[in-house]
Amino acid sequence: MCHYWRYGSKKRAAEVYLVLSHNLYTALNIPHDPVALEEHFKDNNNGPVSNQGYMPYLNQYILAKATEGTFNKEIFDELCWTMTSKKNCKPSIQQGLCSQKDCFKLFCLFNLLSEDRYPLVIIQPELEYLLKKISSAMSLDWDGTVLDELLSQDAALQDGMSVWEFLEHLSAGQLLRAESKEAFSLALDDVFMEMYHNIIKKGYLLKKGHVRRNWQERWFILKPSSLTYYVNEDLKEKKGEILLEESSVVENLPDKEGRRCLFCVKTAVRTYEMSASNMKQRVDWVQAVQTALRLRAEGKNSLHQELKLSRRKQRETLQRSQSNQSSQNEPSAVEALQQSSPEQQGETENLEQHIESIIQANEKLTATLTEMEKEVQQQKKRIHELDLTQVKLEEALNAQIHARLEEDQIRHELERQLAEEQKKLAELLLHQSQLETLVLRSQEYSTTATPPISHQTEESSQHITEEVPVHESTSAATPPNIQQPEESSQYITERELVNQSTNTQMLKHWKIQLNRLMKPITPGDKVEHLPVKPTCPRQGQALTSREFITKVQTGISPEKGNGYSPSPTPEEEEQSS
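Take 1 as the starting number for the sequence shown in the working numbering and just add one per residue.
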């Protein structure tokens with residue numbers, strides 16, 4: 001982590017080491033006395049730095065006092081990155097796939113997976129493990145041919161790769177292929193949070209409250225020692241924390257209260273109920289909590305540190321087996337195994353059993369996940385079919401509603417037309433009744449007040465012939481106004497006859513028109529034109545009063561008082577009568 005610098009003077013170097021030591025004390029959260037620290041770096045050949053050098057001083061006075069878990073490891077690694085990157089990190093690295101922030105995260109992951117020797121290097125199996133994790137986070141399959149081509153070109157990299165070589169080749173795209181810098185940064189951030197910050201699992205779950213007993217969606221982060229939940233994934237508002245203890249238990253729960261995929265975490269104080277989105281998520285969360293409880297019981301704080309040690313033991317076992325197979329004969333290999341210590345043999349057997357149990361658990365988990373994926377696909381297919389059915393039903397319902405609206409509109413229009421027809425019919429019937437009443441009144445008046453026209457004319461003619469001599473003899477003595485009553489009564493009679501004939505004609509004409517209006521019109525109907533009877537004795541000339549009376553009498557007598565009208569059809573005469 002730390003490197004030597006060459007400065008122009010010994011005093012300048014002591015000042016640099018003093019500042020570095022102070023920063024290390026602060027980053028590692030180690031209490032120290034600044035005055036005593038300055039005494040260590042005095043140029044008097046009496047201090048520990050002058051006698052031993054800085055590296056022994058660093059190991060004895062600083063790193064030996066550091067306690068894991070009492071300081072922020074990310075701050076400490078950031079200090080180491082600041083000291084080393086300015087000199088060793090090339091500017092071309094940040095111009096490629098990796099940004100400056102990504103380079104720091106890769107630097108931390110490199111320190112986590114590197115071998116326990118100085119200078120730090122990462123071997124090919126651990127490098128492949130890291131590249132596969134990043135590719136999986138980008139939802140891509142890692143292509144190992146890229147790394148094989150690089151190792152074939154530079155044989156020195158087969159023994160291990162330094163952090164600066166790792167950053168250079170990765171940023172140049174010689175170790176990993178990414179779609180974009182943004183996708184690579186997001187995937188690297190997920191891997192960094194999982195491996196470096198010991199996050200076993202994270203995601204959204206529904207949590208049942210303890211006071212209101214309602215369900216709220218929370219963002220959960222599982223670590224080996226705790227299960228923390230926030231309002232959302234930006235981690236700004238923390239809602240609570242479940243401390244995992246040795247007595248804590250995780251269990252599946254049956255469906256209830258309309259919730260599915262339930263499980264609970266039981267602690268000594270309280271039971272926390274959660275609901276996952278599907279069966280696969282519930283299995284993943286239960287297994288992750290069980291892993292955290294196992295690490296807690298074993299006193300381990302990092303899952304990936306344990307996996308790293310397990311992979312290292314597997315490699316060592318494989319190397320031993322290969323070395324045994326490469327021996328000259330099998331008995332010598334058996335003797336070598338017998339000569340090994342019992343502790344190593346027991347450790348090897350335990351490791352093999354542990355590996356077999358891990359393989360069996362992975363096989364069971366794979367089978368369970370396969371079944372769940374099939375179930376999920378069936379559920380998705382069923383949901384898709386239900387969605388299609390719902391869409392069809394909605395379309396049919398909309399069509400039915402539209403048809404019903406059209407029927408309502410047509411019915412309202414027909415009702416309106418029927419109301420108008422009924423109104424017109426009522427008006428016509430009222431008008432017909434008024435006309436009939438008027439005709440009856442006129443007929444009653446004519447029968448009671450007016451004598452027959454023929455008798456009246458005969459009597460008036462006889463009366464005139466008898467009194468002609470009298471008028472001639474007494475014309476000189478009688479006043480001229482004696483003849484006025486007779487003329488006025490005759491005029492009144494003529495006027496009443498004219499009115500009666502006109503009313504009768506109008507009544508008959510209205511009856512004919514009413515019958516025509518009441519008769520429905522069908523296609524092909526033709527209106528018959530009524531013939532005109534030329535009964536006028538003088539064509540184109542005016543009639544005298546006596547000629548007019550005679551014409552009226554001849555017209556009235558055959559029709560029996562019905563008046564003059566155009567000759568109607570037989571159907572109209574029947575309907576009018």
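The hints are simulated quantities; they were obtained by calculation from the structure and are not laboratory data. Be careful, since some hints might not be right.
As the list claims (entries may be wrong) - In silico lysine-lysine, BS3-like type, Cα no more than 30 Å apart, as pairs:
#: 1; residue 1: LYS101; residue 2: LYS308
#: 2; residue 1: LYS280; residue 2: LYS300
#: 3; residue 1: LYS300; residue 2: LYS207
#: 4; residue 1: LYS133; residue 2: LYS201
#: 5; residue 1: LYS101; residue 2: LYS238
#: 6; residue 1: LYS308; residue 2: LYS65
#: 7; residue 1: LYS374; residue 2: LYS207
#: 8; residue 1: LYS181; residue 2: LYS208
#: 9; residue 1: LYS201; residue 2: LYS181
#: 10; residue 1: LYS300; residue 2: LYS364
#: 11; residue 1: LYS280; residue 2: LYS239
#: 12; residue 1: LYS308; residue 2: LYS202
#: 13; residue 1: LYS364; residue 2: LYS73
#: 14; residue 1: LYS300; residue 2: LYS202
#: 15; residue 1: LYS86; residue 2: LYS73
What the hints assert, rightly or not - Estimated spans, in silico, between C-beta atoms of each pair:
#: 16; residue 1: GLU349; residue 2: GLU39; range: 24 to 34 Å
#: 17; residue 1: LEU120; residue 2: THR317; range: 47 to 57 Å
#: 18; residue 1: LYS236; residue 2: GLU406; range: 53 to 63 Å
#: 19; residue 1: HIS431; residue 2: GLU496; range: 45 to 55 Å
#: 20; residue 1: LYS381; residue 2: ASP255; range: 19 to 29 Å
#: 21; residue 1: ASP387; residue 2: GLN94; range: 31 to 41 Å
#: 22; residue 1: ASP387; residue 2: THR271; range: 46 to 56 Å
#: 23; residue 1: ASN88; residue 2: SER321; range: 32 to 42 Å
Yeah, the Cβ is synthetic: ideal placement off N, Cα and C, and Gly gets one too.
Checked hints:
Pair hint LYS101 plus LYS308 holds up; C-alpha atoms about 25 Å apart against a cutoff of 30 Å. Of the supplied pair hints, the one linking LYS280 and LYS300 holds, its CA atoms being roughly 27 Å apart against a limit of 30 Å. In summary, the hint linking LYS300 to LYS207 is supported, as the alpha carbons are separated by about 28 Å, within the 30 Å threshold. The hinted pair formed by LYS133 and LYS201 meets the criterion: a straight-line CA distance of about 14 Å does not exceed 30 Å.
Under the criterion of a C-alpha separation no larger than 30 Å, the hint pairing LYS101 with LYS238 is consistent with the structure, at around 26 Å. Among the hinted pairs, LYS308 with LYS65 is consistent with the structure: their alpha-carbon atoms are about 26 Å apart, no more than 30 Å. Among the hinted pairs, LYS374 with LYS207 is consistent with the structure: their alpha-carbon atoms are about 27 Å apart, no more than 30 Å. Distance hint between LYS181 and LYS208 is unfulfilled; the C-alpha atoms sit about 39 Å from each other, more than 30 Å.
Between the alpha carbons of LYS201 and LYS181 the distance comes to roughly 25 Å, so the proposed pair stays at or under 30 Å and holds. A C-alpha spacing of about 25 Å is found between LYS300 and LYS364, which places the hinted pair at or below 30 Å, so the restraint holds. Straight-line distance between C-alpha atoms of LYS280 and LYS239 comes to about 26 Å, which keeps the hinted pair within the 30 Å bound. Under the criterion of a C-alpha separation no larger than 30 Å, the hint pairing LYS308 with LYS202 is consistent with the structure, at around 21 Å.
For the hint pairing LYS364 with LYS73, the CA-to-CA distance comes to about 36 Å; that exceeds 30 Å, so the pair is violated. Distance check on the hinted pair: LYS300 and LYS202 sit about 19 Å apart at the alpha-carbon level, within 30 Å; holds. For the suggested pair LYS86 and LYS73, the alpha carbons sit about 20 Å apart, so the restraint of at most 30 Å is met. Between GLU349 and GLU39 the C-beta distance comes to about 54 Å, which lies outside the given range of 24 to 34 Å.
Between LEU120 and THR317 the Cβ separation comes to about 24 Å, which falls outside the hinted range of 47 to 57 Å. Here the CB-CB span from LYS236 to GLU406 is close to 56 Å, well matched to the stated 53 to 63 Å. Distance hint check for HIS431 and GLU496: the Cβ-Cβ separation is about 24 Å, which falls outside the suggested range of 45 to 55 Å. In this structure, LYS381 and ASP255 meet the distance hint of 19 to 29 Å, their C-beta atoms being roughly 22 Å apart.
The hinted range of 31 to 41 Å is not satisfied by ASP387 and GLN94, whose Cβ atoms lie roughly 48 Å apart. Taking the beta carbon of each, ASP387 and THR271 are about 37 Å apart, not inside 46 to 56 Å as hinted. For ASN88 paired with SER321, a C-beta distance near 38 Å keeps the hint of 32 to 42 Å intact.
In summary, the structure is inconsistent with hints 8, 13, 16, 17, 19, 21 and 22 from the numbered list given earlier, while agreeing with the others.
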